[in-house]
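> What follows is each chain in one-letter form.
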Amino acid sequence: MNTKRPLSPHLQIYKPQLTSILSITHRFTGVILSMFSILIPFSLLFISFGSDYYQLFLLILDHIIIKIILFGALFSLAFHLSNGIRHLFWDMGLGLSIKDSYLSGYLVILVSLILTLFIIFYTLIN
Amino acid sequence: MAIFHWKIQRISAILLVPITIYVIFYLLKIGNLSYMNVTNDISSFPGIILISFMALVLFIHSSLGIETILEDYIHDVKTQSLLVSLSKFIHVILFLITLISLIIIKGN
Chain A
1323 MNTKRPLSPH LQIYKPQLTS ILSITHRFTG VILSMFSILI PFSLLFISFG
1373 SDYYQLFLLI LDHIIIKIIL FGALFSLAFH LSNGIRHLFW DMGLGLSIKD
1423 SYLSGYLVIL VSLILTLFII FYTLIN
Chain B
336 MAIFHWKIQR ISAILLVPIT IYVIFYLLKI GNLSYMNVTN DISSFPGIIL
386 ISFMALVLFI HSSLGIETIL EDYIHDVKTQ SLLVSLSKFI HVILFLITLI
436 SLIIIKGN
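Residue numbers (the numbering used here), protein chains in the order written: chain A, 1323 to 1448; chain B, 336 to 443.
Possibly wrong hints are sitting among the right ones.
Said to hold, decoys possible - Cross-link-like lysine-lysine pairs, in silico, DSS-like; alpha carbons within 30 Å at most:
#	chain 1	residue 1	chain 2	residue 2
1	B	342	A	1421
2	B	364	A	1389
3	B	342	B	441
No wet-lab data here; the hints were simulated from the structure.
Chain B extracted, bound-state conformation (with noise of 0.2 Å):
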């Protein structure tokens, strides 16, 4: 279990070396577009596979990364897993979220 938690944490980061630098390189020119280029952008069906992608990457890499710090710092076993199970929580409906906010921008 541990090592599969760790290839997923590696893999996870392979993956959002690119994805990062794409976002970043996007989001500086953000500024110069209009709403319709922003929402059409996204809508878009790269722009759905890449943003759907992106999170699910991110939150996964987000989850580990938590859980191991909750698992490094918090040396009471019952704190521990209430606080690991929390943090899975909010990261699948950070994820759902984004999903829902993406159908909503396709519906529009």
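Chain A with its partners taken away, still in its complex shape (with noise of 0.2 Å):
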């Protein structure tokens, strides 16, 4: 077999277009994601160790560089759900349409933004 052979998706010669920018985000936000869920398993084991740990836990989330990585991570997450969701849209062949991909692309960013901002002014007030 020859490997060497080009495999799509071929990023370099595309010109960038809103749904393309959405599809390689929504893959790069899972990959922020795949890194991130290692806090699923290490969170619960922190909290394992007991109340000090779970404290300390809770101290280093407050930290404000911490804060904004999370944040960053919140955005990943409010992306790739809700693009997510489109592509299930897609999968169940609607909305395939070039005006209606545009509109639920633009729809997408609205959302991921307004969540999370949305968190982000709900943690910071409280």
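Assembly of the complex is requested from the two constituent chains, each provided in isolation within its own frame, with the hints serving as guidance.
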């Protein structure tokens, strides 16, 4: 088998368009979320060590740099979730036209930004 | 095999939508909860079922996604299969750490 054959997607020769940008962002945010998924087992492990470790864990989460990183992860989650729902609609054969794809694309950006800003605002006032 | 991969990726995605929304809402109020509240919630019967199920579905979804990306961008067949195996191994370990932590929290 010729392993040197070109594989899609050929990002270098593509003119950037909303649809292709959202597609690659979906993959990128997916990788980011895979990395952040490590937090689930490790925060549970931290909690299992006892109350002192849990307090330390909350203290770490309260640090401004950690917060900024987590807000970035949060945007990745909001985007991947809303664009994922868009993909699920496509899988059902809905909204496949160029016009609908652009409309849902802009909607995904809007919804993920609103969701992220809402949660940032909520955590900052609490 | 590819169609199986495709189906599992979609089914796990659908399952993750409500779970993710629920977990976000729970985490938003975690600052107001004591250690006892949190461990009681985690080690309750629905807590253990939800977290184990979420971890299982999430790590399957993550593993399949990483596999797809490696298949698309890593052109060398040997490196590709090595990285896919490594990714699967890490995902299994992460799932096991989740389960072990749940068992420890339940035992406390």
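> A separate judgement is required for each hint: does it hold in the structure or not?
Evaluation of the provided hints:
1. Proposed proximity of residue 342 of chain B and residue 1421 of chain A is supported: the alpha carbons are some 27 Å apart, at most 30 Å.
2. The suggested pairing of residue 364 of chain B with residue 1389 of chain A holds, with an alpha-carbon distance near 16 Å, which does not exceed 30 Å.
3. In summary, the hint linking residue 342 of chain B to residue 441 of chain B is not supported, as the alpha carbons are separated by about 34 Å, beyond the 30 Å threshold.
When the structure is compared with the earlier hints, a violation turns up for hint 3 alone.
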